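A.B. asks: The lines below spell out each chain.
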Amino acid sequence: MDLNRLISYSLRIGVLTSALLSLVGLTAWVATGYPNLSAVSGSGVTGTIASAASGNAAGLIYLAVAVLVATPVFRVALSTFYFARDKDKRYVLITLAVLSMLMFALFSGVSG
Amino acid sequence: MIAVGLTEVVVILLVSVLAGFIGAMFGLGGGILIIPFLTLVEGVPVPLAVGASIVSVVATSSSSAATYVRDRLTNIRLGMFLEIGAVAGAITGAFVSVFLPAAALFILFGMLLLYATTVMIRSRRLDFPSTVFPDRTATLLGLGGQYEEHTKNTVVKYEVTRTPITLFVAYFAGIVSGLLGVGGGIIYVPTMNLVSKIPVKVASATSNFMIGVTAAASASVYLFRGDVDPILTAPLIIGVAGGAILGTRILKLTPPTRVKLAFGLLLAAISILMILKGFNIPVVL
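Chains as they are written, first to last, in my numbering: chain A, 1 to 112; chain B, 1 to 285.
Because the hints were derived from the structure by calculation, they are not lab data. Take these hints with a grain of salt, some might be off.
Pulled from the structure, derived: some chain B residues nowhere near chain A, Cβ distances all over 10 angstroms [said to hold, decoys possible]:
(1) L40
(2) V69
(3) T154
(4) I272
FRET-style restraints, in silico, Cβ to Cβ [as the list claims (entries may be wrong)]:
(5) B:V41 <-> A:R90: 43 to 51 angstroms
(6) B:I272 <-> A:L20: 34 to 42 angstroms
(7) A:T17 <-> B:T7: 26 to 34 angstroms
Here the structure is a predicted model, which is why all the values come from computation and not from measurement. Glycine is no exception: its CB is placed at the ideal position from the N, C-alpha and C atoms.
So here's chain A without its partners, still in its complex pose (with noise of 0.2 angstroms):
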């Protein structure tokens, strides 16, 4: 598969996994009756996935989000791999460059 398919279909999927989650839990708010979700800071990986399984309307939301945030780094490295197995050193380059600054920006919570 040449690189334009693999990105198109990486993003369409995460997308689409982030939209249907946002769905399931919209429906699930309306379910419960509309209860007050207030904006909770990062409760966790795993902690998400609790939530989001018992069918947590929040949860699953929160999943989503997380999903969807995932989608574009996921493509970036992707990207990485693919280049390197063509053994196109500059795009490799390229193309960790971006991988470590939004890694470093992920994790160290400077990015505004």
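Given chain A, work out where chain B should sit, using these hints.
C.D. replies: The following block gives chain B in isolation, referenced to the frame of chain A:
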């Protein structure tokens, strides 16, 4: 904490379809519509409006890029190269933004974009200049490309020129976008089109491809701060993802001349709002 009911959710869903549509078509995230709508119409506090909006920008970008990349409208090599500048700028911005004079930057960028507006509208009939010579960076990285122009049934070949300037602008756009809350696409598209001579549709598609990455980095910050409200965000994700698919269809069928004219008008409106905001006149932005 805000109370959101079913009616608000349905209204947000409808507005976000429009935001996704415009965002996909013009290479923008759509925050420029979503933030004022949430704060002014729905009375959402600014941090929660920005948090929900930035998550939706990732959805607009990924949904439209999935189509544009498949159709080979996106110049993925150029996008990846410019992402270096954009992401580095976003990180720099997080450190220096408190020292930057926001009002002066609003006026400066507003005036630059107003100038870009006039150039874009005047040059709207010349979207594929035939005498563009690639610079050294573009040659080294093989940035030139081609795309299928459906409205003319032709394949348009293009070269990329003045790449270092566009990379520098991408870096600077990254620095100020966090501060001004306007950024990314509205600066990338005219720069790629007017400085690097990339056809406007390719510029829009490539901008959409790029902004997902910077928005994802910003979104994670809002998420950890607790500024992402689930009931505001869920209808936005669904709405913009759908609207973006619609936007990609329409862009394909619109002649480049019209895209440039429409983008120019949108750019004029936004740059005037930016200048007014810089002079402390209360406006929607």
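A.B. asks: Mind checking the hinted window 34 to 42 angstroms against the Cβ distance between B:I272 and A:L20?
C.D. replies: About 40 angstroms separates the Cβ atoms of B:I272 and A:L20, which means 34 to 42 angstroms holds.
A.B. asks: Between B:V41 and A:R90, does the C-beta distance stay in 43 to 51 angstroms?
C.D. replies: At roughly 47 angstroms between Cβ atoms, A:R90 and B:V41 fall inside 43 to 51 angstroms, so the hint holds.
A.B. asks: Beyond 10 angstroms from chain A, beta-carbon-wise, is B:L40?
C.D. replies: Answer for B:L40: holds, closest chain A Cβ roughly 20 angstroms.
A.B. asks: Verify this label for me: B:T154 is non-interface relative to chain A, using a Cβ-Cβ cutoff of 10 angstroms.
C.D. replies: holds (20 angstroms)
A.B. asks: Is B:I272 truly not at the interface, in the sense that its beta carbon sits beyond 10 angstroms from all beta carbons of chain A?
C.D. replies: holds (26 angstroms)
A.B. asks: So B:V69 supposedly isn't at the interface. Is its beta-carbon more than 10 angstroms from every beta-carbon in chain A?
C.D. replies: Non-interface label on B:V69 violated, nearest chain A Cβ at 5 angstroms vs cutoff 10 angstroms.
A.B. asks: Is 26 to 34 angstroms respected by the C-beta to C-beta distance linking A:T17 and B:T7?
C.D. replies: holds (28 angstroms)
Checked against the numbered hints above, the structure breaks only hint 2 and satisfies the rest.
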